[in-house]
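**Student:** So you can see what is in the structure, the chains are spelled out below.
Protein chains: 2
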Amino acid sequence: MKYLFLTAFLLTGMGMVCAQNNDSLVIRKIADEILTNGQAYNNLRILCKQIGPRLSGSAQAARAVDFTFRKMKEMGADTVFLQECMVPHWVRGKKEEARILYPNGTNRSLKVCALGNSVGTPEKGLTASVIEVRSFAELEELGAEKIRGHIVFFNYRMNPLFVNTFRAYGDAYQYRGSGPAIAAKFGAIGVMIRSLASNDDDHPHTGTTEYVDSIRKIPAIALSTNDADILSRELKKRIAIRVFFKTNCRMLADVKSYNVVGELKGTEFPNEIVTVGGHLDSWDLAEGAHDDGAGCVQSMEIISTFKALAIQPRRTIRVVMFMNEENGSRGGDKYAEIARTAEDKKFIFALESDAGGFTPRGFGFTASTSQKARIWEWKKLFEPYGICEFYDGGDGADIEPLGKMGTALAGLVPDSQRYFDVHHAETDVLEAVSVRELKLGAINMAALIYLASEYGMN
Amino acid sequence: MKYLFLTAFLLTGMGMVCAQNNDSLVIRKIADEILTNGQAYNNLRILCKQIGPRLSGSAQAARAVDFTFRKMKEMGADTVFLQECMVPHWVRGKKEEARILYPNGTNRSLKVCALGNSVGTPEKGLTASVIEVRSFAELEELGAEKIRGHIVFFNYRMNPLFVNTFRAYGDAYQYRGSGPAIAAKFGAIGVMIRSLASNDDDHPHTGTTEYVDSIRKIPAIALSTNDADILSRELKKRIAIRVFFKTNCRMLADVKSYNVVGELKGTEFPNEIVTVGGHLDSWDLAEGAHDDGAGCVQSMEIISTFKALAIQPRRTIRVVMFMNEENGSRGGDKYAEIARTAEDKKFIFALESDAGGFTPRGFGFTASTSQKARIWEWKKLFEPYGICEFYDGGDGADIEPLGKMGTALAGLVPDSQRYFDVHHAETDVLEAVSVRELKLGAINMAALIYLASEYGMN
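These protein sequence lines are chains A and B, in that order.
Residues 1085 to 1542, numbered by the working numbering, are exactly what the first sequence covers, in order.
Residues 1085 to 1542, numbered by the working numbering, are exactly what the second sequence covers, in order.
It is worth saying that the hints were derived from the structure and are not from the lab.
Any given hint might turn out to be false.
Dumping the calculated DSSO-like pairs for lysine-lysine here, alpha-carbon to alpha-carbon at most 30 Å [said to hold, decoys possible]:
#1 Lys1113(B) to Lys1456(B)
#2 Lys1456(B) to Lys1195(A)
#3 Lys1463(B) to Lys1463(A)
#4 Lys1464(A) to Lys1113(B)
#5 Lys1113(A) to Lys1488(A)
#6 Lys1456(B) to Lys1463(A)
Model, not experiment: these values are computed from the prediction.
Put together the whole structure using the sequences plus the hints.
**Tutor:** Following this line, the structure appears as structure tokens:
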């Protein structure tokens, strides 16, 4: 590309009604401020590089609480406060080992990581032959006699045919979420899954597995997608290979942690609360840049931007750094629990950014028909900033409990193509985030929060 | 993000008319084929890693011609042929040097590259004091007396306020394109420009400058954005610094090169030609992954996909690897020249992908009102694949000469946020391209070419 001038991108919107004209001017100011002076990327650098991985219960999670508390004060929030909650404290321990053991005594090492919340292996590890399946139906067909005493390998590839990769993740999630519990029911002694990843590489992707209380908890690991292919190929050769793996993870007692809440007080309806946030915890393998440092720094950007532009919201805005989304959701639950008992306050709207810091494409909304009709009228205001769709349905894991109280919910919908390349893997680092893409998300979030705080949700 | 299921992404389109239903099925097959078996990324790997930088006239450009010729044959094109054209042969020579020279005898080296098509410095380099300006108006105000004998430094930052970065590029382009010629008019002996880049880093970005025949050609280099900031800061200190730079580039005699054209013959209207392409040449500093290896491999993907699905187009499809877009546009000119003299053929439509291999957001169209009305009816067919807008106005540098003959033109519009981070710099490498994003572009291009070849442009 040498030179190309696309006249098509001239901002349109001449036909808008008067209120929208004023809103579009405010939103343009918000965009200009963030594009010129935005600090989201610098704050993300601190979360990623100075603090690092922030799994619930870790020292880094505590440092992230301190940092965002201090930062939101410094930005000029009217109040910053903590909401205490007890969180699970899972630790990975020493790095995992895994090897294919060949009958001739040689071995081949595999790139793996323990699944979040999983139990560790015995001290000497697990050694067993491996049964590969691609579905629960295959497992069932094999039955307990064939599975008992073996390691089950769920080699289910994220379906590339879903254009939106979140659908492919939703489809494949069952094997990570329930695979270990279901395989244990059939007598398996361990589980390996193909990483939930949209690309082929050497990085295993972690994420929680969900044991069932009545079923024995067995150790569970994820293989990198490349190594899942290698193991599958070796198994097809029908030589008597076994696999050894050793994990050193365990669940410790719950520890005290916090949501961090920064507030801009509403001038007219201070008891109507507009919530916006991301989750502060991240997996221990990664810097948690896209998941979900991005959502945190984009949300905080609303405070600094509104202060810089002297925007005084009519309703109270709460910027929330939720704790423990990844392996317990205790922060989200706590926020809703406190909201439920605050009878003088009405939690009218909540927005979460937890789908990566990529170029935004839209918002999804879970709200009443009349609320949605109103919200859809705003859509034109977002088009100059890359939003092309308002989707029916959308939220975030941390705000979902608020939804049950009747709060209207929204989720930022960024481009999804690269998210599951890095999600829950050591490749989710600052360098995988584009400054401008991150800013565009922050602009659209700030614009939506502006409108929600200005007009409410009646 | 632990788990999120967005029902909003279920494919819609139930209400479409019958022809569109059939078209939507064909397009779904195209998408499935590319998402499952697409070879675009593998072909891009060969262009980037095995062949490498492919500036017009270079041995690598010749190898790229051979590779794409062979590849399109292998894919099953009915015919593959070359269109000979003479191209400029500019060579960079030995790596450039540049330094700030301090009065105390120390120096600081600067990261620079010569602008494309620029003349080299004398053997001993240029040493002079530097006059920094931010606009041509400032230059004019200073006037020839103050500029004569100095190096002019155009420190114009790409305007971050343009949401679409191509607009910022269009706005800043003048300093690279015309800066050296205009500064020479005022007696400058050399020009430095701030790289046309949307990010702050240490990589200079090249690209053509356009001399004017009647004005002395002076050497011109681009500084990395970081070094432009450093130089500007040093100049503000008002100590008597000078700058030394030495470039070793020169323009050699034109050499013979080629467009490569792969054809799928139309079954019903073989003389109506639908053209699709990208440019095969790239700057010598970079692998040319986004610019424009992506456009080339996406275009070739149409041949392999149509063959795999046994789609026989009603009109003839020509997949064109244009030569010399970067520093001469001779390939595009030659293609149009041959088209003009082929009186039995009608070049009805041409699509170019030359804005990066990022997630597609839309297409821009330059066509008659009635053609556009027809094209806009297709828009719904593209929405499941990430297209959110059809823009009025759009083309590509290589197909523009066809447009002058009345051919309807289109340009793929990918997300623009990251393009100018890497454009014309050594960071434009395969690793900067996402497999899925590249494929989505190819899918939408193949769909558009399918529709154009099926329905024509009447």
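**Student:** Each of the hints needs a verdict: does it hold here or not?
**Tutor:** Against the structure, the hints:
Proximity of Lys1113(B) to Lys1456(B) is assessed by CA-CA distance (about 25 Å); at most 30 Å being required, the pair is judged to hold. At most 30 Å may separate the alpha-carbon atoms for a hinted pair to count; Lys1456(B) and Lys1195(A) exceed this at roughly 53 Å. Between Lys1463(B) and Lys1463(A) the CA atoms are separated by roughly 19 Å; this keeps the pair inside 30 Å, and the hint holds. For the suggested pair Lys1464(A) and Lys1113(B), the alpha carbons sit about 33 Å apart, so the restraint of at most 30 Å is broken.
A C-alpha spacing of about 35 Å is found between Lys1113(A) and Lys1488(A), which places the hinted pair above 30 Å, so the restraint is violated. Straight-line distance between C-alpha atoms of Lys1456(B) and Lys1463(A) comes to about 25 Å, which keeps the hinted pair within the 30 Å bound.
Comparing the model with each numbered hint stated earlier shows that hints 2, 4, 5 do not hold.
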